[in-house]
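Keeping their order, the protein sequence lines are chains A and B.
Under full-length UniProt numbering, think of the first position of the first sequence as 1, with each following residue one higher.
Under full-length UniProt numbering, think of the first position of the second sequence as 1, with each following residue one higher.
Since the hints were derived computationally from the structure, they do not count as laboratory data.
Heads up, a few of these hints could be off.
All copies of an identical chain are treated as equivalent in the list; a pair is satisfied when it fits inside any one copy or across any two copies.
[Stated by the list, open to error] Below, simulated PhoX-like cross-link-like pairs (lysine-lysine); rule was C-alpha separation at most 25 Å, straight line: (1) K63 x K129; (2) K25 x K167; (3) K357 x K190; (4) K326 x K314; (5) K59 x K18; (6) K142 x K129; (7) K59 x K123.
Number of protein chains: 2
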Amino acid sequence: MTTVIQKYGGSSLESISKMRAIANKIIESKKIYDKIVIIVSAMGDTTNNLIGLSNEACKSPSKRELDMLLATGEQISASLLTMILKDTGYDAIALTGQQAGVHTKGIFCNAKISDIDISFVNKHLNKGKIVIIAGFQGVNEKGETTTLGRGGSDTTAVAFAARLGCKCEIYTDVEGIYSVDPRLYRKAKKLNFISYEEMKEMSHLGAKVMECRSVEIGHSYQVPIYVASSLNDATGTLIKEWDKKVEKRSITGLSVTDDVLMVTLKNIPYSSSNVAEVFTLLAEAGVSVDIISQTLPRAGLVNLSFTASAQDYKSVKEAMEVIAQKHSNVEIKKDNEIIKLSVVGTGMRTQSGVAAKMFRIFADNQIEFQQVTTSEISISYTLDKTYKQKAVDAVATAFNL
Amino acid sequence: MTTVIQKYGGSSLESISKMRAIANKIIESKKIYDKIVIIVSAMGDTTNNLIGLSNEACKSPSKRELDMLLATGEQISASLLTMILKDTGYDAIALTGQQAGVHTKGIFCNAKISDIDISFVNKHLNKGKIVIIAGFQGVNEKGETTTLGRGGSDTTAVAFAARLGCKCEIYTDVEGIYSVDPRLYRKAKKLNFISYEEMKEMSHLGAKVMECRSVEIGHSYQVPIYVASSLNDATGTLIKEWDKKVEKRSITGLSVTDDVLMVTLKNIPYSSSNVAEVFTLLAEAGVSVDIISQTLPRAGLVNLSFTASAQDYKSVKEAMEVIAQKHSNVEIKKDNEIIKLSVVGTGMRTQSGVAAKMFRIFADNQIEFQQVTTSEISISYTLDKTYKQKAVDAVATAFNL
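Turn these sequences into a full structure, and let the hints guide you.
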């Protein structure tokens, strides 16, 4: 008995006619797999329209009720897609997250799946039904509807695949995972596979195809995740465990994070408590600090730089004002014209010289970087925005991405 | 501790700004009542739009999934109204039918409330919260979402009032119950009260303000039902038990049913089995027959007339074709230009002469009727459509409606 989970995104379900095409795709799959579970997102702009209504209702809508509101979007697409399948003669059943046994914990609008009671879904699968589940939602221990935050339908899909021990197919509006965002680099190659670690790192560094959380669940439970287009049959990308015997490439992908805020504090009297104070203030303000760099002390003074998301500009500004009052001779420079360019590859673990090659590329192309930071499988640089395209082209070409 | 149930219809919730007005009405009520439960319909045209989508999806959408689809409409309005109330500083909570403990039995799209587990609602009421419940829906013994059919939100409201032993206020787009539909008779009087029986009879006979079922539940559990406008503070109509000591009026209201189909079968060979056969065929075709009249046998032949809803035209036609084949000399006449005019009044029980007065009115105004039928508290006539306005005016004037 072969089983598959398929997840269809909102743009592939935005109209009844598009849903019909998806129904045909599901029917084709039914010829291959014995058991099929479909996870759906809300139709097209539904979620945004509902958020719009809630924002019209009040400035900061109650999160509990926002979850009840947003969960309707996926319930609508699940019931309509099921009607279409039933109408074509296939036995199918639509389930809300609650009915499908998705139990959650944690806060509204960003709940985590705590458990899936698979018995209800299995009962229907064993009767030969195609099971259509409203993604992105579950029910907490109080019986309240909760949603799973960004990428919640992918999370639902991967969690069901983990629970059923099967493959997870994510059908979306792109043809798979690219080494570089094709909008940035026209010649970007579609990857046949990517490792869980690389995908997590790329999601974390700004690639938008898959949310980090779904990939983490997939990694933990060793769920093969296949990402492909809902519109055609082109081969997509398989996210799986890194295969060190086969894979030779050092760099799998390049990603760019726009709107980085870089702050430089010059002439801080050097002491570990002074430096600690800066990051304590930022943490208290809820700012997530990314890259940190510090110069060597000179005449008892240091320069300290850090980056954060430009979204946190206001919180950063307030924290820095506190510092400025304490150390009147500190010079604070906030730069909003910064991007972060990262290269990611599990191969870096075993292949040295990636950092050296990157420095050489930057030097050859007269690209100045401001900071550099490394993780086990990535290297990131902060650059002035003006270097963005030039750097992407140079790095992508050099590594044949 | 005083408690009230208030139900708001779709037209009063069709936009966020209208919802804000309703929120203010609820807040005013909170000054009078200790505990408030609000039942909401779907916003404006939401239900019709969802039905439209389902019809686009397929010709006869699966009723199970249609219920899952339609139930989202009330969940949307409940969550948005709750957000607005919370934003103005009032503690409120939105509940789906299932969360509010509405258990149902029977078929999808027309389920009946079998029980209300009031504990969850009571828990929140006891904490001082305004409880906002998605009307029109419940959950069956399998955990599936069900809807209650036409007037389902009213049914929800009256059922909750019955369960909590309190008054039920239905806020709608009309100012109350009128003796005659004001669109038919401009001078129609708004009733301060109407008895359950009269209201049931009038709903049954085509008055559209309240569905018969909600009034039946109200009658069974002696729930005072107050029907008023959601847009202004004009006094509405109280539906309650008939008070024979106080009430003198013989006729409370007049109602008209349009699109009546009248069928006359002439020259049927007279035998009870022949007549029975006609109605057996109609029953098997699912046709609900209303008024039946039969002439006295003459030369072994009778004429038989009956009315049904014009919606059943196709089914009636098929049944009559079977009859025509059996009795080749039977002449069948289907007339679609018929209306039914009814007068309703609990007072008829104790005051005689209503029928006589009606015949006199018709005679004085040269109005010909085709059939007449009586129930304990109503008299109905079928008339040619052309007499409609003349008959309404004459009867309404004569009985001072």
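Alpha-carbon proximity between K326 and K314, which holds within one copy, between copies, both or neither at 25 Å: within (19 Å within a copy, 87 Å between copies)
K59 and K123: within-copy, between-copy, both or neither at 25 Å Cα: neither (43 Å within a copy, 28 Å between copies)
Could you place K357 and K190 in one of the four classes (within, between, both, neither) given a Cα distance threshold of 25 Å? The answer is within: 23 Å in one copy meets 25 Å, while 87 Å across copies does not.
From the Cα coordinates, with 25 Å as the cut-off, is the pair K142 and K129 best called within, between, both, or neither? between (30 Å within a copy, 17 Å between copies)
Can you give me the call for K25 and K167, within, between, both or neither, at a CA distance of at most 25 Å? within (17 Å within a copy, 53 Å between copies)
Between the shortest in-copy and the shortest cross-copy C-alpha distance, which are at most 25 Å for K59 and K18: within, between, both, or neither? between (34 Å within a copy, 17 Å between copies)
If the cutoff is 25 Å on CA atoms, where do K63 and K129 land: within, between, both or neither? Let me know, please. between (34 Å within a copy, 16 Å between copies)
Consistency with the previously given hints fails for number 7 only.
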